[in-house]
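These protein sequence lines map, in sequence, to chains A and B.
Numbering-wise (our numbering), the first sequence opens with residue 1 and increments by one.
Numbering-wise (our numbering), the second sequence opens with residue 112 and increments by one.
What the hints contain is simulated information worked out from the structure, not anything from laboratory work.
Only a predicted model underlies this, so the values are computations on that prediction, with no experimental measurement involved.
Ideal placement from N, C-alpha and C gives every residue a C-beta, glycine not left out.
Treat the hints loosely; a few may be bogus.
To be verified - Cβ pair distances, simulated, as ranges: (1) MET40(A) to ASP150(B): 17 to 23 Å; (2) GLN162(B) to GLU18(A): 38 to 44 Å; (3) LEU122(B) to GLY3(A): 27 to 33 Å; (4) SER87(A) to ASP150(B): 16 to 22 Å; (5) ARG206(B) to ARG9(A): 22 to 28 Å; (6) VAL53(A) to GLN225(B): 44 to 50 Å; (7) ASP30(A) to VAL124(B): 39 to 45 Å.
Claimed, not checked - Now the stretches of chain A that chain B is said to cover, found in silico as 3 or more residues with beta-carbon under 8 Å: (8) 37-47; (9) 99-110.
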Amino acid sequence: DAGVIQSPRHEVTEMGQEVTLRCKPISGHDYLFWYRQTMMRGLELLIYFNNNVPIDDSGMPEDRFSAKMPNASFSTLKIQPSEPRDSAVYFCASGRETNEIFGPGTRLTVL
Amino acid sequence: KQEVTQIPAALSVPEGENLVLNCSFTDSAIYNLQWFRQDPGKGLTSLLLIQSSQREQTSGRLNASLDKSSGRSTLYIAASQPGDSATYLCAVRPRYGGATNKLIFGTGTLLAVQP
Chain A
1 DAGVIQSPRH EVTEMGQEVT LRCKPISGHD YLFWYRQTMM RGLELLIYFN
51 NNVPIDDSGM PEDRFSAKMP NASFSTLKIQ PSEPRDSAVY FCASGRETNE
101 IFGPGTRLTV L
Chain B
112 KQEVTQIPAA LSVPEGENLV LNCSFTDSAI YNLQWFRQDP GKGLTSLLLI
162 QSSQREQTSG RLNASLDKSS GRSTLYIAAS QPGDSATYLC AVRPRYGGAT
212 NKLIFGTGTL LAVQP
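For reference, chain B alone in the conformation it holds in the complex (with noise of 0.2 Å):
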């Protein structure tokens, strides 16, 4: 059974700093992997999703890197801003088992940037 997991669970960092946010997945038979942002009361967004043939997507000041035969993937944040604070999760879509469709959701990294 796929699992993700998000380290750390929540982050405070002051304004300007550089920041990783990690996820980790139990089972490297994934068709993409996803980093949404969350508001406080509000929906998901995307932020960058990567195919599985791909090692990293770039928007802006975000990066995502996947290493798929270690299970894990990473969000960079650059020069964190105020407006960065939210929570982000991690998904993950398996390639296996009719769930091509099945977005499975890591518990979420809080991140507060402190002007």
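Bound-form chain A, shown alone (with noise of 0.2 Å):
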């Protein structure tokens, strides 16, 4: 079992751009979980899927950010236009029902 399995690792970016983040959760999880982890705010849950369905994507700071599960292994974390103050290290975490495994994170910087 490879785990959750999060691309890219890094990413350096310019203000403006588009940046897509890429997760694999475990299969057979129905659960999937993005995060976001900050110096400032610490971990924070952003939007969560059961059975490729968001349920609660309250946590979404604001419309430049989306998130979409087309299918049981795989999600994507949109961000466009991107901004310095989205840097962070953004987490994905898969599970059945409420015993979350997170993956390794993506460092994102925008410049």
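Could you use the hints to bring the two separately framed chains together as a complex?
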């Protein structure tokens, strides 16, 4: 079992560019979560899916952020346009019910 | 609104010491509480999960307790080792409001165990 796979691991981009983060959950897990971690705010849940359906997106900061889960084995988090304040580590996690397994994260830097 | 606080923010101890990390939460209506470990540049690893009906959980040198009525949990690490150096995060899962699967994290305690 390769665990939760995230790509890219590091992303550096310029303000205004579109950024797409990718996640492959663990096979058989029916929940998928996107978190953001910053020094100022710690770990925050952005959105989570159950059986590919978005359940709670109240943590998505604004319309520039969108997330999709087209099938059980893939999810994306897109930021368009990106801003310097979006710089953070973005974690994807998957699980069955209430025990998430976290991926290694994507460190995003927006210049 | 549920808030989770961890004290201290940072802790440095010599190898071999027993230590306690503290976590407090404002709303006792929780489904469970989890302790995680995060190494620099890495994701989170779940250490212990305590259901709301439980008082404690143990795994090796780690023991986590839960006192729901007072809104507190502690993580006890026995005979600390340099390999225990990491950030330890506490997270609660609220019981109500459709948030059964929504973890709320504390800000973490950065632990350094000196050899």
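Structure-based check of all given hints:
| no. | hint | in the structure |
| --- | --- | --- |
| 1 | MET40(A) to ASP150(B): 17 to 23 Å | holds, 21 Å |
| 2 | GLN162(B) to GLU18(A): 38 to 44 Å | holds, 42 Å |
| 3 | LEU122(B) to GLY3(A): 27 to 33 Å | holds, 29 Å |
| 4 | SER87(A) to ASP150(B): 16 to 22 Å | holds, 21 Å |
| 5 | ARG206(B) to ARG9(A): 22 to 28 Å | violated, 35 Å |
| 6 | VAL53(A) to GLN225(B): 44 to 50 Å | holds, 48 Å |
| 7 | ASP30(A) to VAL124(B): 39 to 45 Å | holds, 41 Å |
| 8 | 37-47 | holds (count 4) |
| 9 | 99-110 | holds (count 8) |
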